[in-house]
Amino acid sequence: MTDLLAARSQMAMSLGFHILFAVVGIGMPALMVIAEYRYQKHGDPLLKELAKRWAKGTAILFAVGAVSGTVLSFELGLLWPTFMEHAGGIIGMPFSLEGLAFFTEAIFLGIYLYAWDRISPRAHLAAGIVVAISGAMSGAFVVTANAWMNAPTGFDVIDGVISNVNPIAAMLNPASFTQVLHMTLAAYAATGFATAGIHAIALLRNTPHKAFHRNALHIGLLVGVPASLLQPLSGDLSARHVAEYQPVKFAAMEAHHHTGPMPFVIGGWPDVTTGSNKFAVEIPGAISLVMKGDASASIPGLDAVPPTDRPPVGIVHVAFQIMIACGVIMGAVSMWTLLRIWRRKRGRGKSLPNDRAFLRALACTAPLGFVAIEAGWTVTEVGRQPWIVQGFMRTADAVSPVPGLIVPFIGFTLLYIGLAIAVVWLLYRQILKTGVSNMPRAGLTEELPIPQAT
Amino acid sequence: MSVADTLPPLFTLPHAVAGVMVLSLNAYVLLAGADFGGGVWDLLASGKRQEEQRTAVADAIGPIWEANHVWLILVVVLLFTCFPRAFAHFSTALHIPITLMLVGIVLRGSAFTFRSYDSKADNVQRRWGRVFAIASVVTPVLLGVCLGAVASGNVPMTPPDGTQTFTELYLTPWLTPFTLAVGVLTLALFAHLAAVYLAWESEDRELENDFRARALQAAICVFVAGTATILLARTHAPLVFEGLTSGRTALGMQTVTAIAGLAGVWALWRRHWLTAVIAAAAQGSFLVWGWAWSQFPWLVPPTHTITELSAPRITQQLILAVLGVGTVILLPSFVYLFRVFKRRDVGGTAAQDSAFERLDR
Chain A
1 MTDLLAARSQ MAMSLGFHIL FAVVGIGMPA LMVIAEYRYQ KHGDPLLKEL
51 AKRWAKGTAI LFAVGAVSGT VLSFELGLLW PTFMEHAGGI IGMPFSLEGL
101 AFFTEAIFLG IYLYAWDRIS PRAHLAAGIV VAISGAMSGA FVVTANAWMN
151 APTGFDVIDG VISNVNPIAA MLNPASFTQV LHMTLAAYAA TGFATAGIHA
201 IALLRNTPHK AFHRNALHIG LLVGVPASLL QPLSGDLSAR HVAEYQPVKF
251 AAMEAHHHTG PMPFVIGGWP DVTTGSNKFA VEIPGAISLV MKGDASASIP
301 GLDAVPPTDR PPVGIVHVAF QIMIACGVIM GAVSMWTLLR IWRRKRGRGK
351 SLPNDRAFLR ALACTAPLGF VAIEAGWTVT EVGRQPWIVQ GFMRTADAVS
401 PVPGLIVPFI GFTLLYIGLA IAVVWLLYRQ ILKTGVSNMP RAGLTEELPI
451 PQAT
Chain B
455 MSVADTLPPL FTLPHAVAGV MVLSLNAYVL LAGADFGGGV WDLLASGKRQ
505 EEQRTAVADA IGPIWEANHV WLILVVVLLF TCFPRAFAHF STALHIPITL
555 MLVGIVLRGS AFTFRSYDSK ADNVQRRWGR VFAIASVVTP VLLGVCLGAV
605 ASGNVPMTPP DGTQTFTELY LTPWLTPFTL AVGVLTLALF AHLAAVYLAW
655 ESEDRELEND FRARALQAAI CVFVAGTATI LLARTHAPLV FEGLTSGRTA
705 LGMQTVTAIA GLAGVWALWR RHWLTAVIAA AAQGSFLVWG WAWSQFPWLV
755 PPTHTITELS APRITQQLIL AVLGVGTVIL LPSFVYLFRV FKRRDVGGTA
805 AQDSAFERLD R
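Protein chains in written order, with this note's numbering: chain A, 1 to 454; chain B, 455 to 815.
Hints were generated in silico from the structure; no laboratory data involved. A portion of the hints provided could be inaccurate.
Said to hold, decoys possible - Pair ranges (Cβ atoms, derived): (1) B/575 to A/232: 46 to 52 Å; (2) B/506 to A/237: 33 to 39 Å; (3) A/424 to B/779: 48 to 54 Å; (4) B/781 to A/283: 27 to 33 Å; (5) B/774 to A/13: 34 to 40 Å.
Ideal Cβ placement from N, Cα and C applies to all residues, glycine included.
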């Protein structure tokens, strides 16, 4: 393994690990705030118990997100010093804004978690709202920095020297809006559906606390369904943007080898030696029609640039298709949800705990949002290769000169595998497996009854 | 020639940003430093009240450690935004200790959280507790080692000539007696800060005594490590030694650090808790500023100054503006956080009684 590949693998692994926790840090606060708001409105102690339990889960995931995020901010320099040397002054500002948003989130999450009995209910809910807003904002700021790597603006290169730096123009680069929108919706869709799915599993297993799980499932869908329904529109915006600014990435996503009318390629494995797709279903001219309104319109293919400037098309295409598939399924389940609500309002259809087909669908959809997020990041990062800053700096020129980068790669991989196991085990044992007291009574929700591990 | 022309250019934009970085590091030392120090006392918990000591540490750290941790992220972000070449250089030359420190940061934070939320069964708690405590000891040492390596001028920004070995490039710059002494000093300081804060916060007289004894022991360690650092600087880091001892400002800072240390010991002895806290915080702060002053105006001693490495002016201006806005939001938030959790008169009448008792004493 070359040092470049080791560095890329370590970055991909760290980012892929961190993003799961970052997404939960954006989505979960919204869920717990809704639960607490409903509790304050209706006074049902189950809702308070739900908010507390979600807050506990958020605390565990937020802590891992905070430390793995710290690792990433250092890794920018540990792995890509040449990139940071040139990009730091241009794109550092959104990172500092993210730092402030994250600071706010950490402060108010501390208050939210530990001050249930120390401050007024209204102040407590307000603290939760601040956590939710600052969480979403810190995610948005970081994504603008990534968007800059795809659509670098806010500087000039004169005789090989960077000048006329404009950090605001860099932050508000052309890719920022579409990427931030797509990622934020993805965070809510993934968290909402994961939550709904987990509680659907509980209902499928006939756990005795149906009311509790039904409440949780409702709130999960309340967040997940609108986001999943909006996501295809945002995806369309993103695709059009990529087609315009990163035509090579777009060609790789659609496995479009030769410049000409672009078909919609479903599935398949692109073969770069023959310039064709194996085992794929192709709808001729479909993408050209959608993008340009003309099925015969020519769209640049991978052959528009020399082979050294092309990304690994197989990974990009497959990841893109996985993302689309997950999005389509989540959208379909969202439509089903709306249909159910419509039918139930008319007194038809089964009640939620009895609608096993729907619960099963939710259980299967639970991980798809996170799968889509990992696949989407693969598309945007691998699709940009061989560039670290599109058109300006190659990834190979940015890598650290320190030899033996495989050692930290293996080290962090083992560390993160260990953490992942610990987190999953902990969430399972302390959040999911713990029973809820049989009947909600006043004062009951002080502390969840946690069965001792055997 | 006016007076302003003869003074060193202290108040330029890059210096202001560098000042904010030292201030953030100062905050990190006083706040997150104490959280790491708490881990030290978790590891060294002993005697009859072993469990109570650990609980006190966990209660003190729980709500605030994540917010405290962000000060370090702020330092890093400011470094890579406003001094990107320095960031790139440090992360290359100090790749190994920084990576090890990151492992420590990850293990400390996650093990602490896992312990807080995992089963209360003894063996589970002990397992996470041990990881948390060991990571809390190792991380500050590595932080000190990195700062010591930079200050001593061991990581100059000179292009590699191709003849240096891996060891010469990536190991010897930070593995010196001096840098290790700075590491130990950092650890001792963090442990001291934690013990003083814990003694101050303890509502139980016996627990208070435990932490008072620990604070005094740590004060001795700070003194020994501090003296060793200065003595080793004479032979191993002449740049630092010169910076620490030449000029009235530098000597003034060392004197204030020493006085704060002595005042802290006196206050602990006499049980003037608030004085002890202020003295410990002053001692920590003056150590940080004394180090910063000793290497001023170098950012990468002895080859590159703060001015030479600064990012474009517009970036620095925007960052200062962002920090201004951030201060307006964060300062009240921080005050609120600490008021909610560090207020002594909350938690029912028992706590109130002990607070009144304390006033009467």
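Comparing the hints with the structure gives:
Between residue 575 of chain B and residue 232 of chain A the beta carbons are some 48 Å apart, a value that agrees with the proposed interval 46 to 52 Å. Distance hint for residue 506 of chain B and residue 237 of chain A: a CB-CB separation of about 58 Å, inconsistent with the stated range 33 to 39 Å. Between residue 424 of chain A and residue 779 of chain B the Cβ separation comes to about 39 Å, which falls outside the hinted range of 48 to 54 Å. At roughly 56 Å, the beta carbons of residue 781 of chain B and residue 283 of chain A sit outside the given window of 27 to 33 Å.
The supplied range of 34 to 40 Å is met by residue 774 of chain B and residue 13 of chain A, whose beta-carbon atoms lie about 35 Å from each other.
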